[in-house]
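Asker: Chain by chain, the residues:
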Amino acid sequence: MNLNRRSLLQLSAASAALGLTGLPARAAIDELVIAFNVDLPSWDPTTGPSAVNPTIQGLYQSVFDQFILQQPDLKPAPGLLTDWGWSDDKKTVHMTVRDGVTWHDGSPFTAEDVAWSLTRAADEKTGNPIQFIWSTLANIKADGNKVTADVARFEPTIFKWMYFLTGYVLPKAYYEKVGAEGFEAAPIGTGPYKVEKFERGAYVRLQANANYWGGKPDFETVTIKFVTDPAARVAEVESGNSHVTLEMPYEEYDRLKGTLNGVAHPISDIGMIFLNDIDVMLDPNVRKAAVVAIDKQTIITRLLSGYGVPIDTLETPDYDAYDASIKTPYDPDAAVKLLAASGYSVDKPVKFTIQTTKGFKPKDYEMIQAIVGLWRKVGIEATIETYEIAKHYELRAADKLAPAAFYNWGNSVGDPTTSTGFAMFGPSPHSVWDSQDLIDKIGPLWGEPDEAKRIQGWKDVDRYIAENAYVIPLLQYVQPILSVAGVVVTPHASGALLPHLMKRA
Amino acid sequence: MRLIKAILLRLVTTAVTLFGVALIVFFVIRVVPGNPIAMMLPPGATDADVARLTALYGLDKSIPTQFLIWSTGVLRGDFGVSITNRQPVLALVLDHLPATLELSALALFIAVFLGGTAALIGTRLRGTRVEAAIDVGNGMALSVPDFLWGLVLILLFGVLMPLFQISGRITPSLTLPFSTNFYLVESVVRLRFDLTRDLLSHMIMPAMGLAIPLAAIISQLLKQSLKEVMHLDYVALARTKGYGETHVILREALPNAVLPTLTLVGVQFTFLIGGTVIIERLFSFEGLGNMAIDAVINRDLPLIQGIVILFAVIFTAVNLLVDLCYAAFNPRLRHG
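From first to last, the protein sequence lines stand for chains B and V.
Quick note on numbering: the first sequence equals residues 1 to 505 in the working numbering.
Quick note on numbering: the second sequence equals residues 506 to 841 in the working numbering.
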């Protein structure tokens with residue numbers, strides 16, 4: 001499509017004459033406009049599929065506070081709870097609630113709200129998908145600014161869940177007054193922004209909460225437009241219609257980061273290949289060869305324009321149980337030897353199917369194509385089968401995945417139970433490798449009360465998994481964010497795009 | 506009397522069609538891979554948690570039982586509750602339908618205008634370079650799918666020359682006085698032309714994306730029909746009476762040539778509504794199509810069912826309307 005100078009000028013003149021544009025000026029930003037990559041289906045952050053969708057959490061955290069604040073580096077900090085912990089015998093928990101906080105309707109936030117939110121989350125009738133964690137607390141009581149509860153079952157990560165999925169504090173009195181439907185229509189929280197207007201499937205318009213306990217946000221008004229198409233998101237920010245956007249192709253990010261502000265920051269999502277304990281994967285030589293035959297760094301450099309961090313366990317450097325000494329380096333010669341020991345070669349390759357999504361994550365299909373190419377060189381012939389992410393979930397829950405299956409795993413609290421634990425523990429419906437040796441190693445760690453011992457235990461499990469090649473960790477993803485001049489974006493390692501962390505330049 | 510009988514018969518067949526669609530959709534979306542409960546399972550969920558959530562959404566019953574419960578509800582006007590949106594399906598669908606209808610109607614208007622004009626000009630200047638240029642233009646318009654036209658329009662009029670808005674239906678900062686979701690219609694009725702202009706600024710590009718291929722089809726068919734009619738005796742008679750070529754085309758040839766195009770427009774309108782699925786997604790237009798994609802991605806079974814049933818109702822209603830219009834325009838059908 002060629003445009004000459006004359007046609008450009010003619011169309012510009014037509015634009016002025018028609019006066020149709022009404023587009024925001026690039027210079028002054030009165031109202032921050034964000035082109036967001038997903039829609040917001042529901043305003044209840046504790047029930048339904050939205051509650052466990054990691055991408056939506058940024059929207060929820062703009063309006064609601066979690067029990068405990070999570071900082072951009074994933075570390076916890078005092079939020080609505082200023083203090084928390086277990087009793088010495090680990091049979092009760094105690095929490096202290098921040099004073100002077102108000103809900104968006106002006107009513108005071110109290111310890112009753114915290115106790116009610118925890119009790120509601122543990123009630124299976126509300127449909128909280130994380131109910132199995134919240135139900136480990138019982139007999140939750142508020143007294144003054146203190147909340148206490150009995151430990152029904154010791155869950156070492158309970159306080160981490162308080163800044164993870166469904167860990168939000170909702171207003172007891174308001175919710176009981178308006179009900180679930182009324183809350184959907186007019187949600188209130190204690191968060192940095194109030195909901196001013198919400199058009200389902202289109203946008204949400206937020207007004208700064210002047211009484212926010214963490215300080216009033218820089219931008220008084222924020223409009224978050226739901227622009228699910230990456231090309232349209234890039235066009236939004238390139239045209240000046242929006243000031244900030246995220247999750248665009250890395251090539252587009254590189255093209256635009258010279259003219260716009262670009263931030264590309266590693267987040268807590270990882271790419272991995274599940275190995276299933278079936279067929280040829282029962283042969284350790286095949287698994288180990290499949291691991292060392294992958295040149296992760298080259299794949300990241302060539303396919304992801306360098307945006308990614310190679311990983312050798314399911315822990316990223318931000319996670320609590322990360323151990324830099326666990327390595328599975330690229331070694332195609334070793335792969336050839338391992339396969340030869342099992343009778344396989346380039347001429348007589350081992351064959352299996354690898355499943356992958358296509359377009360669900362950046363260059364997912366292309367990465368698997370590259371991996372299959374690398375495997376072919378050492379004597380592995382893998383057939384690629386693509387599927388939708390919904391099918392992956394169903395197959396994984398039924399333990400019917402192919403011998404190898406690409407997936408991405410999010411773990412924004414960085415605890416090993418929510419990465420290695422749930423991904424690799426046989427009885428979990430999310431695990432794919434279900435061998436008894438691993439179950440025996442992981443089992444005792446779930447209730448380990450000694451934190452240092454628990455973390456070391458998970459490091460040992462990660463080393464054992466790497467040595468036996470029960471899974472193929474690939475990379476930690478990098479999230480690209482573009483913003484116009486005048487807006488400084490602070491990235492959050494959880495991947496949540498938070499307007500209240502955006503400042504005027 | 507015959508017409509009324511035909512309409513009644515058509516209504517009965519429509520009801521049977523809708524039941525068939527409902528039955529097929531209900532069973533198919535439960536058989537294809539991807540179950541909504543698996544989609545919302547958090548890390549660490551146990552089999553008991555899976556069973557609890559499955560029961561909570563009524564998916565623990567047999568498919569025929571689920572169908573019976575659902576169809577009984579539908580007859581009472583209850584299409585169930587969306588799993589992801591946690592809102593009644595009927596309300597969600599009816600909220601989003603006006604946006605899609607307005608977009609489709611605007612696209613149809615543009616397509617008829619562009620296609621009709623091109624056909625008339627092509628016929629008037631037949632045998633000249635202008636006709637050849639129109640044929641080439643039609644070929645180009647047809648060979649590029651609507652979503653690609655959408656991308657081209659975004660690049661041209663969204664980025665290079667930002668004439669129009671790239672996403673959404675209306676500027677969020679505007680205060681809306683509307684009492685229905687037919688924003689465009691209501692803005693005109695209320696004489697709020699500032700809002701009309703803003704709405705059009707959002708709708709022009711997606712509507713153009715939908716309209717361009719359809720305009721080419723209309724242009725080709727109408728031009729062909731006009732060509733055939735132009736050789737008939739009554740047109741020759743009109744010429745011998747001394748009428749000018751433009752008068753002959755518009756007053757004599759067009760009324761007879763337009764009938765096949767009218768049928769086509771009716772049929773294409775239903776396809777146009779179907780085409781909004783991709784275009785609405787591209788332009789983040791808050792219509793039914795955009796919602797349909799989210800519903801499929803999230804395996805929101807009640808919402809998928811509601812949207813498909815509504816699409817089926819629209820398709821059959823439009824077809825019925827076209828048949829009635831055809832009968833009204835065509836004397837042979839009107840008088841038997």
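For the record, the hints were derived by calculation from the structure and aren't laboratory data.
For each residue, glycine too, the CB sits at the ideal point set by N, CA and C.
Just to be clear, a hint being listed does not mean it is correct.
[What the hints assert, rightly or not] List time: in silico DSS-like cross-link candidates among lysine-lysine, alpha-carbon distance up to 25 Å: (1) B:Lys-358 with B:Lys-391; (2) V:Lys-746 with B:Lys-391; (3) B:Lys-197 with B:Lys-503; (4) B:Lys-361 with B:Lys-337; (5) B:Lys-75 with B:Lys-90; (6) B:Lys-125 with B:Lys-177; (7) B:Lys-400 with V:Lys-566; (8) B:Lys-125 with V:Lys-566; (9) B:Lys-91 with B:Lys-146.
[Said to hold, decoys possible] Per the computed footprint, the stretches of chain V lying under chain B, defined by three or more beta-carbons under 8 Å from a beta-carbon of chain B, are: (10) 586–599; (11) 636–647; (12) 812–826.
Asker: All hints are to be evaluated individually against the structure, with a verdict given for each.
Answerer: Going down the list of hints, with the structure as the test:
Between the alpha carbons of Lys-358 (chain B) and Lys-391 (chain B) the distance comes to roughly 12 Å, so the proposed pair stays at or under 25 Å and holds. With a C-alpha separation of about 71 Å, the suggested pair Lys-746 (chain V) and Lys-391 (chain B) falls outside the 25 Å cut-off, and the hint is violated. Simply put, Lys-197 (chain B) and Lys-503 (chain B) have alpha-carbon atoms about 22 Å apart, close enough for the 25 Å limit, and the pair holds. Annotation: proposed proximity of Lys-361 (chain B) to Lys-337 (chain B) is violated, straight-line Cα distance about 33 Å (limit 25 Å).
A C-alpha spacing of about 22 Å is found between Lys-75 (chain B) and Lys-90 (chain B), which places the hinted pair at or below 25 Å, so the restraint holds. At roughly 19 Å between alpha-carbon atoms, Lys-125 (chain B) and Lys-177 (chain B) fall within 25 Å of each other, so this suggested pair holds. A distance of roughly 23 Å separates the Cα atoms of Lys-400 (chain B) and Lys-566 (chain V); the hinted pair therefore holds under the 25 Å criterion. Restraint check: the Cα-Cα separation between Lys-125 (chain B) and Lys-566 (chain V) comes to about 18 Å, which is no more than 25 Å; the hinted pair holds.
Taken as a hint, the Lys-91 (chain B) and Lys-146 (chain B) pair is honoured in the structure, with Cα atoms around 17 Å apart against an allowance of 25 Å. Note: the stretch 586–599 of chain V has 7 residues with beta-carbon separation from chain B under 8 Å; the three-residue rule is met and the coverage holds. Only residues whose beta carbon comes within less than 8 Å of a beta carbon in chain B count, and the stretch 636–647 of chain V has 0; fewer than three means the coverage is violated. Look at the stretch 812–826 of chain V against chain B: 0 of its residues bring a Cβ nearer than 8 Å to a Cβ of that chain, fewer than three, so the hint is violated.
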